[in-house]
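Two chains, two separate frames, one set of hints: put the complex together.
Going line by line, the protein sequences match chains A and B.
Read in the numbering used here, the first sequence has 102 at position 102, and its numbers run on one by one without any break.
If you count the second sequence from 1, you need to add 1000 to reach the numbering used here.
Calculated directly from the structure, the hints in this document are not laboratory data.
Cβ atoms here follow ideal geometry from the backbone N, Cα and C, with glycine treated the same way.
Hints are all accurate, no fakes.
One-sided excerpt, in silico: chain B residues whose CB lies under 8 Å from chain A:
| hint | residue |
| --- | --- |
| 1 | Gln1041 |
| 2 | Gly1042 |
| 3 | Tyr1048 |
| 4 | Glu1056 |
| 5 | Arg1059 |
| 6 | Met1089 |
| 7 | Leu1091 |
| 8 | Glu1102 |
| 9 | Gln1103 |
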Amino acid sequence: AQKITQTQPGMFVQEKEAVTLDCTYDTSDQSYGLFWYKQPSSGEMIFLIYQGSYDEQNATEGRYSLNFQKARKSANLVISASQLGDSAMYFCAMRGPAGGGADGLTFGKGTHLIIQP
Amino acid sequence: DTGVSQDPRHKITKRGQNVTFRCDPISEHNRLYWYRQTLGQGPEFLTYFQNEAQLEKSRLLSDRFSAERPKGSFSTLEIQRTEQGDSAMYLCASSDLVGDVEQYFGPGTRLTVT
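Isolated chain B (complex conformation) (with noise of 0.2 Å):
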């Protein structure tokens, strides 16, 4: 059972250039979640998807981030016209609906926006 895979790994783009990340969850894993971790903060959660529906979206940093998960398997994370306050690490995780409380994460995508 491989675990939660992201892609690409980093990111280095110019200010006002969109992004955009993909995150393929542990495989029939019901629940996939993103999350932005700042240098010396905990993550902050931003989205997350049951299936290919989308349940949580309010914290969402700005209209310029968006995710998508139109088949209920693997997700992106959009960031348009990208600005230097969102360098960071961008976490994805999933989980089973059924059983597991945890929450399995990925590497991680680094965005470093110059």
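So that you can see chain A by itself, here it is in the shape it has in the complex (with noise of 0.2 Å):
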């Protein structure tokens, strides 16, 4: 069975700092995909970043990049220059192998990220 473990209930950093996300998870698959998204209040959840467990870059987007440390099993979501906009839950999430019926994703429980002014 997936597990996704998020550690921080809930975080308050200053706006424009960097800001780490952790996230661990379990897995027995080999090949796995390991996701982040974004909800804000409104309660859409939004696409930031997608990291496969075969990629031996981390993977980024924007302001958004992924820590992936695989023999560590996790994979930690970095903000750089943290936004007034970025307050929201984040989820870390995976999902196991392509067509092995485990399509869904697990999710962790989130981390609800307050940005300062």
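Here it is as structure tokens:
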């Protein structure tokens, strides 16, 4: 079974600072995908970044980067130069091997990030 | 390209009633997923379709829950004999079979069972 652990229920960060959101995962699959989603107070889940288990390079998307450490089973999200609009819930998620019937995402409990001016 | 839409956005029902939610995926997306999100938790995967075939339904929470995607386009999620514990946000997502890895989520349907 897959499991995602996010150990930071909430974080306060000053605007323009970088922030790291922690995520560790557990799986017995060799092939898997890791995702980060943002959920503002409006409720919609917004995709941020994806990392495949065989990708050698850490994924980057604009101000978002994923610090993937496979041996430690961690997939931390780094947001550079945080903005007030980054205040939201952030979820780490995992998907198993494609076509294996495990195509649904397994989510962690989330981290509530608040950016302070 | 319009996003995933869900209807209704809010539903209040009395315990014991049946409810049905609709999800319209991004056009031509082959895969459609249903999730449930309770307060303070991440979404929990329920079921998914590839075209009209329901490929995974063991995660549906009980036999009171069922989902259909009859023509491989929109999908419905039905909860029969609702209980107060069914109160949650029900999220739908879709993805392309080839290319996209991400799932695009809709705004959700918030169910309140009184």
